[in-house]
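S.K.: Mapping to the working numbering: the sequence shown position 34 is 34, numbers consecutive.
Keep in mind that a hint or two might mislead.
To be verified - Calculated pairs, DMTMM-like style, for lysine to aspartate or glutamate (alpha carbon to alpha carbon, straight line, at most 20 Å): (1) K77 - E58; (2) K43 - E8; (3) K119 - D62; (4) K43 - E13; (5) K119 - E146; (6) K121 - D70; (7) K119 - D70; (8) K119 - E58; (9) K121 - D63; (10) K185 - D82; (11) K88 - E178; (12) K121 - E149; (13) K53 - E8; (14) K43 - D70; (15) K185 - E171; (16) K119 - E165; (17) K43 - E58; (18) K53 - E37; (19) K43 - E55; (20) K121 - E37; (21) K153 - E178; (22) K121 - E34; (23) K88 - D6; (24) K53 - D70; (25) K88 - E37; (26) K53 - E13; (27) K121 - E55; (28) K119 - E149; (29) K5 - E37; (30) K53 - D63; (31) K121 - E165; (32) K119 - D63; (33) K121 - D161; (34) K88 - D70; (35) K121 - D62.
Said to hold, decoys possible - Here are the computed distance ranges between Cβ atoms for each label pair: (36) A28 - R78: 14 to 24 Å; (37) K153 - K185: 17 to 27 Å; (38) G40 - G158: 16 to 26 Å.
Treat the hints as calculated values from the structure; they're not laboratory data.
Glycine residues also receive a C-beta, built at the ideal position from the N, C-alpha and C atoms.
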Amino acid sequence: MRISKDPEIRRQEIVVTAGRLFQAQGIARTSITEIAEQMGVAKGLVYYYFASKDELVEAVIDDFTTSLNDNLFSIQKRPDLDFYGKLKAVLHLYFHAIQSHPAILTFTTADPTAFALLKEKLSAIAYTQVQPILLAGLAQGLCGIEYPEFMLKVLIRGLGDLYIEGVRDPEIHATLIEQALGLAKGSL
1 MRISKDPEIR RQEIVVTAGR LFQAQGIART SITEIAEQMG VAKGLVYYYF
51 ASKDELVEAV IDDFTTSLND NLFSIQKRPD LDFYGKLKAV LHLYFHAIQS
101 HPAILTFTTA DPTAFALLKE KLSAIAYTQV QPILLAGLAQ GLCGIEYPEF
151 MLKVLIRGLG DLYIEGVRDP EIHATLIEQA LGLAKGSL
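Working from the sequences, and respecting the hints, build out all of it.
M.R.: Put into structure tokens, the structure is as follows:
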């Protein structure tokens with residue numbers, strides 16, 4: 001007798017399996033056939049949920065960014081952290097998320113479209129979740145910048161570009177944030 005699963009559960013299993021294989025082998029070297037074999041299902045089942053590998057890659061990106069967004073929202077709402085603690089936690093979370101998902105960096109060379117999508121989603125999430133933290137810091141007089149919304153965009157995109165170029169030392173990123181926001185040296 002064939003056992004069928006709830007469609008949302010099955011879809012999520014495909015996304016998780018694809019994400020795991022993308023991490024291990026890279027996106028370009030992972031086929032839909034391998035994903036299906038890893039799950040013990042027919043390739044047609046994967047195509048039932050995802051019309052193409054690109055669509056599946058996008059679902060893996062969405063899964064990753066949704067998790068990151070949820071974690072950033074939690075940091076933003078933590079009453080036990082002050083302005084500096086929240087900024088430190090955000091910086092730590094981003095570094096940890098990217099370092100624990102090294103396949104993300106393969107987007108830069110393997111699939112420019114997927115990379116552009118990932119970069120845009122990460123930037124939008126960072127902006128949405130960090131903006132309230134920055135505005136609270138401004139209201140408390142902890143940083144003195146004009147045009148905080150533009151500065152935040154410059155920081156997010158600039159730090160992302162530096163990371164892609166190989167600047168992966170969190171201390172350098174923390175120092176640049178301190179300087180850009182007019183914070184005391186060593187505060188992050």
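S.K.: If a hint holds in the structure, say so; if it does not, say that too.
M.R.: Hint by hint, here is what the structure shows:
1. A C-alpha spacing of about 28 Å is found between K77 and E58, which places the hinted pair above 20 Å, so the restraint is violated.
2. In summary, the hint linking K43 to E8 is supported, as the alpha carbons are separated by about 18 Å, within the 20 Å threshold.
3. Simply put, K119 and D62 have alpha-carbon atoms about 12 Å apart, close enough for the 20 Å limit, and the pair holds.
4. At roughly 14 Å between alpha-carbon atoms, K43 and E13 fall within 20 Å of each other, so this suggested pair holds.
5. Restraint check for K119 and E146: not satisfied, since their Cα atoms lie roughly 25 Å apart, outside the 20 Å limit.
6. Taking the CA atoms of K121 and D70, the gap is near 13 Å; set against the 20 Å cutoff, the hint holds.
7. Between K119 and D70 the alpha-carbon distance is near 17 Å, which keeps this suggested pair within the 20 Å criterion.
8. At roughly 12 Å between alpha-carbon atoms, K119 and E58 fall within 20 Å of each other, so this suggested pair holds.
9. Note on K121 and D63: the hinted pairing holds, with a Cα-Cα distance of about 11 Å set against a maximum of 20 Å.
10. For the given pair, K185 sits about 17 Å from D82 by alpha-carbon distance, which is consistent with the 20 Å threshold.
11. Proposed proximity of K88 and E178 is supported: the alpha carbons are some 11 Å apart, at most 20 Å.
12. In summary, the hint linking K121 to E149 is supported, as the alpha carbons are separated by about 17 Å, within the 20 Å threshold.
13. Between K53 and E8, the direct Cα distance comes to roughly 18 Å. Compliance with the 20 Å bound is thereby established for this hinted pair.
14. This hinted pair does not check out: K43 and D70 have alpha carbons roughly 32 Å apart, beyond 20 Å.
15. With a CA separation close to 11 Å, the supplied pair K185 and E171 stays within the 20 Å bound.
16. For the given pair, K119 sits about 14 Å from E165 by alpha-carbon distance, which is consistent with the 20 Å threshold.
17. The straight-line distance between the Cα atoms of K43 and E58 is roughly 18 Å, inside the 20 Å bound, and the hint therefore holds.
18. Restraint check: the Cα-Cα separation between K53 and E37 comes to about 15 Å, which is no more than 20 Å; the hinted pair holds.
19. With a CA separation close to 15 Å, the supplied pair K43 and E55 stays within the 20 Å bound.
20. Proposed proximity of K121 and E37 is contradicted: the alpha carbons are some 30 Å apart, above 20 Å.
21. Taking the CA atoms of K153 and E178, the gap is about 15 Å. The hint holds against a cut of 20 Å.
22. Proximity of K121 to E34 is assessed by CA-CA distance (about 27 Å); at most 20 Å being required, the pair is judged violated.
23. For the proposed pair K88 and D6, the alpha carbon gap of about 40 Å is over 20 Å, so the pair is violated.
24. Under the criterion of a C-alpha separation no larger than 20 Å, the hint pairing K53 with D70 is inconsistent with the structure, at around 26 Å.
25. Proposed proximity of K88 and E37 is contradicted: the alpha carbons are some 42 Å apart, above 20 Å.
26. Simply put, K53 and E13 have alpha-carbon atoms about 15 Å apart, close enough for the 20 Å limit, and the pair holds.
27. Taking the CA atoms of K121 and E55, the gap is near 15 Å; set against the 20 Å cutoff, the hint holds.
28. About 18 Å separates the Cα atoms of K119 and E149, which keeps this hinted pair within 20 Å; it holds.
29. Between K5 and E37 the CA atoms are separated by roughly 17 Å; this keeps the pair inside 20 Å, and the hint holds.
30. A threshold of 20 Å between alpha carbons decides the hint, and for K53 with D63 the separation of about 15 Å falls inside it, so the pair holds.
31. With a CA separation close to 19 Å, the supplied pair K121 and E165 stays within the 20 Å bound.
32. Pair hint K119 plus D63 holds up; C-alpha atoms about 14 Å apart against a cutoff of 20 Å.
33. Of the pairs offered as hints, the one joining K121 and D161 holds, with about 14 Å between alpha carbons and a cut-off of 20 Å not exceeded.
34. Simply put, K88 and D70 have alpha-carbon atoms about 17 Å apart, close enough for the 20 Å limit, and the pair holds.
35. Among the hinted pairs, K121 with D62 is consistent with the structure: their alpha-carbon atoms are about 8 Å apart, no more than 20 Å.
36. A beta carbon spacing of about 39 Å between A28 and R78 contradicts the range 14 to 24 Å that was offered as a hint.
37. Between K153 and K185 the beta carbon distance is about 24 Å. The supplied range of 17 to 27 Å therefore holds.
38. Take G40 and G158: their Cβ atoms lie about 45 Å apart, and the range 16 to 26 Å is violated.
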